[in-house]
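Asker: For reference, the chains in residue letters:
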Amino acid sequence: MNVLISLLLVAGLFAVGMFGPGVTPAWVFAVALPYAAVTLFVVGLAIRVMGWAGVPVPFRIPTTCGQQKSLPWIRQQRLENPSRKIHVLGRMALEILFFRSLARNTRTELRKDRGLVYGTDLSLWAGAMAMHWALAVVLLRHLRLFTEPVPAFVTFTEKLDGFLEIGLPVINVSSVVFLCALLYLLYRRLAHAHVRYISLPEDYFALFLLLGIAGSGIWMRHLSHTDIAGVKELAISLVHFSPTVPVGIEPLFYGHLFLVCVLLVYFPLGKLAHAPGVFLSPTRNMANNNRAVRYVNPWDYPVKVHTYEEYEDEFREKMIAAGLPVDEE
Amino acid sequence: MTSRSRIALGLGVFFLLGAYPVWNGLASSADPERPELARAVDSAGATGCIEDTTWMKANHQKLLNEWRTSVVRDGQRTWVSSTGTSWDMSLTGTCLKCHANTETFCTRCHDYADVQPTCWNCHVVPEGGQSEGGQSHE
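Chains A and B, in that order, are what the protein sequence lines are.
Taking the numbering used here, I'd label the letters of the first sequence as residues 2 to 330.
Taking the numbering used here, I'd label the letters of the second sequence as residues 1095 to 1232.
Please keep in mind that the hints were generated in silico from the structure rather than gathered at the bench.
One or more of the hints may lead you astray.
[Stated by the list, open to error] The list that follows gives simulated cross-link-like pairs (lysine-lysine, DSS-like), each with its CA atoms no further than 25 Å apart: (1) B:K1156 x B:K1191; (2) A:K160 x B:K1191; (3) A:K70 x A:K86; (4) B:K1156 x A:K160; (5) A:K305 x A:K319; (6) B:K1191 x B:K1151.
[Said to hold, decoys possible] With the C-beta cut set under 7 Å, the calculated list includes, among others, these residues of chain B facing chain A: (7) R1098; (8) N1118; (9) P1126; (10) R1128; (11) M1150; (12) K1151; (13) A1152; (14) N1153; (15) H1154; (16) D1168; (17) A1207.
For every residue, glycine included, the Cβ atom is placed at its ideal position computed from N, Cα and C.
With the rest of the complex left out, here is chain B:
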């Protein structure tokens, strides 16, 4: 084996390793499309989400974190949205009232993006929704 062919082989191995997502995708049967999320079930006559969907998609985690801090550390429970509506800062009482099924609303997308939120370390998953994992070992 000449050094030229050894170098070509090394380069080939590098490209093959680099193409890992491609052949991993070919081998996997999982749906690569973004998961469909369950539509919010409006149980108490609430009108729409607290903020618009695009904003919520990108910023919900930050909002929930702020709520957590505000409620747990400052005892402040009222939040005013950008449209001026007041809401109770509560994951179970406000968010999950409409997004009742955590399995089809939260988990699907978090699994897709490989995110492990710590919500369910403290919060109880309401009936109908399933745990996001990480709870079973408690």
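For reference, chain A alone in the conformation it holds in the complex:
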């Protein structure tokens, strides 16, 4: 049911993008919606991230899974139990660039002969790595439509990506990897009962949305071609803030563009905000140096205290009169 809702939602949105431009003025889907989507993306992301930034972290709470800094002859595991900023930097870089936490994923199985067995399960890590890095390359390649003249690093990426030189236009490695990785991530949610059980419509929505964007893009490049110069003219006019809408761009392109707009708007609202979120994980981005450096809880406020000395000063005579012992006469 969750799957169906998400699938229908994305299919519906795609249809809106495909057939919407036919019934509205050209500028609605080609100009107004992309601008609105980018604005909402920037504003939404700023609100979400600055909202997180405003949340105080009352304790230093890094997760540790290795030897802490100790006596000089005991080797510290710097990445697993960072005690200095530079260690944290290394830990964060590996987390952000190589999703190190996912590599810890384990699988448990109940076997007749050996009982409950645990094993490393790298399939999620591999799928996530393939999907994210392919997406990065795809995004980089798209810069050719937004820049004139096209910078050398974009052309280089394109050449490298299409080095197989299969088909015309050449099939890019990143397209294939991206699509396969997305399909695997979808398969994983559908095939494993325990993952399916915890999957919400949103989880499928994000996958279907990316699949829709990738599918329409690949379809446009390899199956039904569109006038790429016209597409570039539109894209570049948008970033130059002098929008012109060329005629004769295929509806499929507008379906692709509309799904990208939906992605931009949705990005800060839902689970995809894990992108900035990974930078702000307190369990990862803090050093485990509680004993070396005092950590002040930002929630701490100056507490009014009434010490015993002050108490005695206040009630000394009454205490003496009542026969209670006092420190100072």
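Given chain A's structure and the hints, the job is docking chain B onto it.
Answerer: This is chain B only, laid out in the frame that chain A set:
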């Protein structure tokens, strides 16, 4: 520097990087408009292109690839267009007869779309047109 301002700074850097096409566009003096292509020069009394312009814009590369396969691998040189006209499958003999200037017809648009066709790896660029690059190192 509080963590709040550090986070704001990081976010700002991200947005600035994301806006790369915008400030790249502001800094570049190149014309962002799609390039004007030279009109086909009709030298031998041919009437119009083999297919209509919109179709050619999107599909010419596929067509040329099919022609290449057909001629080089199958030895089949005659192609019938959607209107039923027969054409000789030849880049130099058919296409370049009208689109003689490759510099103003092919290269301009390919540079704009950042496409590097492999045509000129084998074909000789006719006089008047310039190479699309990639030939000089042969």
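Asker: When the nearest CB of chain A is found for A1152 of chain B, is that gap smaller than 7 Å?
Answerer: OK, holds: A1152 of chain B within 7 Å of chain A, min 4 Å.
Asker: Take the C-alpha atoms of K305 of chain A and K319 of chain A, compute the straight-line distance between them, and say whether it is at most 25 Å.
Answerer: Answer holds: K305 of chain A to K319 of chain A is near 24 Å, not above 25 Å.
Asker: CA of K1156 of chain B to CA of K1191 of chain B, is that 25 Å or under?
Answerer: Given pair K1156 of chain B, K1191 of chain B holds - Cα atoms ~20 Å apart, limit 25 Å.
Asker: Grab the minimum C-beta distance from H1154 of chain B to chain A and call the hint holds if it beats 7 Å, violated otherwise.
Answerer: Since the shortest Cβ distance to chain A is 9 Å, the answer is violated.
Asker: Take a quick look at whether K1191 of chain B and K1151 of chain B sit within 25 Å of each other, Cα to Cα.
Answerer: holds, 18 Å
Asker: Could you grab the alpha-carbon distance between K160 of chain A and K1191 of chain B and see if it respects the 25 Å cut-off?
Answerer: With a Cα-Cα distance of about 30 Å, the restraint between K160 of chain A and K1191 of chain B is violated, given a limit of 25 Å.
Asker: Is the interface hint satisfied for A1207 of chain B? The criterion is a beta-carbon contact with chain A at less than 7 Å.
Answerer: Holds - the Cβ of A1207 of chain B comes within 7 Å of chain A, reaching about 5 Å at its closest.
Asker: Identify whether the interface hint at N1153 of chain B stands, where standing means a beta carbon of chain A within less than 7 Å of its own.
Answerer: holds, 5 Å
Asker: Is the shortest C-beta separation between D1168 of chain B and chain A less than 7 Å?
Answerer: Violated - the Cβ of D1168 of chain B stays beyond 7 Å from chain A, reaching only about 17 Å at its closest.
Asker: Holds or violated: is there a CB of chain A closer than 7 Å to the CB of M1150 of chain B?
Answerer: Interface hint status for M1150 of chain B: violated (10 Å vs cutoff 7 Å).
Asker: Answer holds if the nearest beta-carbon of chain A is closer than 7 Å to that of K1151 of chain B; otherwise answer violated.
Answerer: holds, 4 Å
Asker: Less than 7 Å between beta-carbons is the criterion; does N1118 of chain B satisfy it with respect to chain A?
Answerer: holds, 5 Å
In the structure shown, a violation is registered for the earlier hints numbered 2, 11, 15 and 16, in ascending order.
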